[in-house]
Amino acid sequence: MKNKTLSLALFALLLLPSASWAEQVTIAVRGMVCSFCAQGIKRTLMQNENVKDIHVDLDKKLVRIETKDGTTISDEALRQAIIDSGFDVVSIARDNNG
Amino acid sequence: MRYMWVMALLMSSAEIAIATPVSFKGGWGVLPMYNEDWADLQANYSLSSHQAVGVSDFYREGKDSTANFGIGQFNYLLKRWNELESQANIYASIGAGGRHDSVHGDALAGYGSIEGNYETRRVYTLLAGETLQSGQGVYFNRLRCRGGFSPYEAPFEALQTWLVLEFDYMPEMMEETRVTPLVRLFYDNYALEAGVSLDGKPFLAAMAHF
Ligand SMILES: [Cu+2]
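Top to bottom, those sequences are chains A and B. Going left to right, the first sequence walks through residues 26 to 123 as the working numbering numbers them. Going left to right, the second sequence walks through residues 3 to 212 as the working numbering numbers them.
Derived from the structure by calculation, the hints contain no laboratory data. As the structure is a prediction and not an experimental result, all values here were calculated from the model. Yeah, the Cβ is synthetic: ideal placement off N, Cα and C, and Gly gets one too. Wrong hints could be hidden among the right ones.
In the BS3-like style, the derived pairs of lysine-lysine whose C-alpha atoms are separated by at most 25 Å in a straight line are [as the list claims (entries may be wrong)]:
(1) A:K67 x A:K77
(2) B:K81 x A:K67
(3) B:K65 x A:K86
(4) A:K86 x A:K67
(5) B:K65 x B:K203
(6) A:K67 x A:K29
Label-pair distances were calculated between CB atoms; the ranges are [to be verified]:
(7) B:T133 x A:Q49: 47 to 53 Å
(8) A:D120 x B:F76: 19 to 25 Å
(9) B:E174 x A:D120: 55 to 61 Å
(10) A:Q49 x B:F169: 45 to 51 Å
Let the sequences and hints guide you as you build the complete structure.
Here is the structure:
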């Protein structure tokens, strides 16, 4: 009985990383020099239901996004969101923490 | 009449935005501006990052009458230069509507403007020309030039402060160019501007994007 509980617990632990699978996306943005105008990026990306969190770094001109667990957002959707906000995309980098 | 602007500014303080002529796709902007002998109020909606539709009210104290223009307008981003450390824009607007003048009464009115700006994280410049035209030869032209700087680079979430010098030339209203030092504050989706011109006229403006 104890063994069974233990193995179940181990199994659950193994499952844990994949269950909390979220993606960190870093977008390098061109033209993002003004905090007031860059609000448009936050507002536009927040409309995407897979976005969990957004961090805008004006120093490095980066927009970092964390997706909701088990979801992803295509390059195309990200690119379109940045363009709709009035800026240009330099690059998109992904980091799957899982 | 002019106090209506102050009221509007105060009442909407929770929701106003110092909006640019075009913001982001699906974005709303509100821009009230008040300067004792003139006032502008515009609300706009951006169809894309290049096109917006808006309604404006312009109040102008002329040399022998005061006029109010109600204008429906189309704003267009003609050109944008997105660079790593700067952004530059050219906007044009055209509009049509009506005018009420204290002496000449009601007439049809037209509006046109062109605006260019350049900004980095520390420098801000703007050059804008505007014309309001209406029947019975009632018209108001305006040339506006701004230069400013930010004493520090604020992170995205923090308050950004700008110190700006505005030059306003409105030949139908004043003999000389009005010079106004003002403070411009950005926080979240709100912007607020306040200053007093060298000839003692208070200036207040706000912008909000939402
Ligand atoms: Cu801006």
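Status of the hints after comparison with the structure:
1. Of the pairs offered as hints, the one joining A:K67 and A:K77 holds, with about 11 Å between alpha carbons and a cut-off of 25 Å not exceeded.
2. Restraint check for B:K81 and A:K67: the C-alpha separation of about 23 Å stays at or below 25 Å, so the hint holds.
3. In summary, the hint linking B:K65 to A:K86 is not supported, as the alpha carbons are separated by about 49 Å, beyond the 25 Å threshold.
4. About 14 Å separates the Cα atoms of A:K86 and A:K67, which keeps this hinted pair within 25 Å; it holds.
5. Of the pairs offered as hints, the one joining B:K65 and B:K203 holds, with about 17 Å between alpha carbons and a cut-off of 25 Å not exceeded.
6. Under the criterion of a C-alpha separation no larger than 25 Å, the hint pairing A:K67 with A:K29 is inconsistent with the structure, at around 47 Å.
7. Restraint check, B:T133 to A:Q49: a C-beta distance of roughly 50 Å satisfies the suggested window 47 to 53 Å.
8. The hinted range of 19 to 25 Å is not satisfied by A:D120 and B:F76, whose Cβ atoms lie roughly 43 Å apart.
9. The beta-carbon spacing between B:E174 and A:D120, approximately 59 Å, falls within the hinted interval of 55 to 61 Å.
10. In this structure the supplied range 45 to 51 Å holds for A:Q49 paired with B:F169, their Cβ-Cβ distance being about 46 Å.
The structure fails to meet hints 3, 6 and 8 from the earlier list, while all remaining hints are met.
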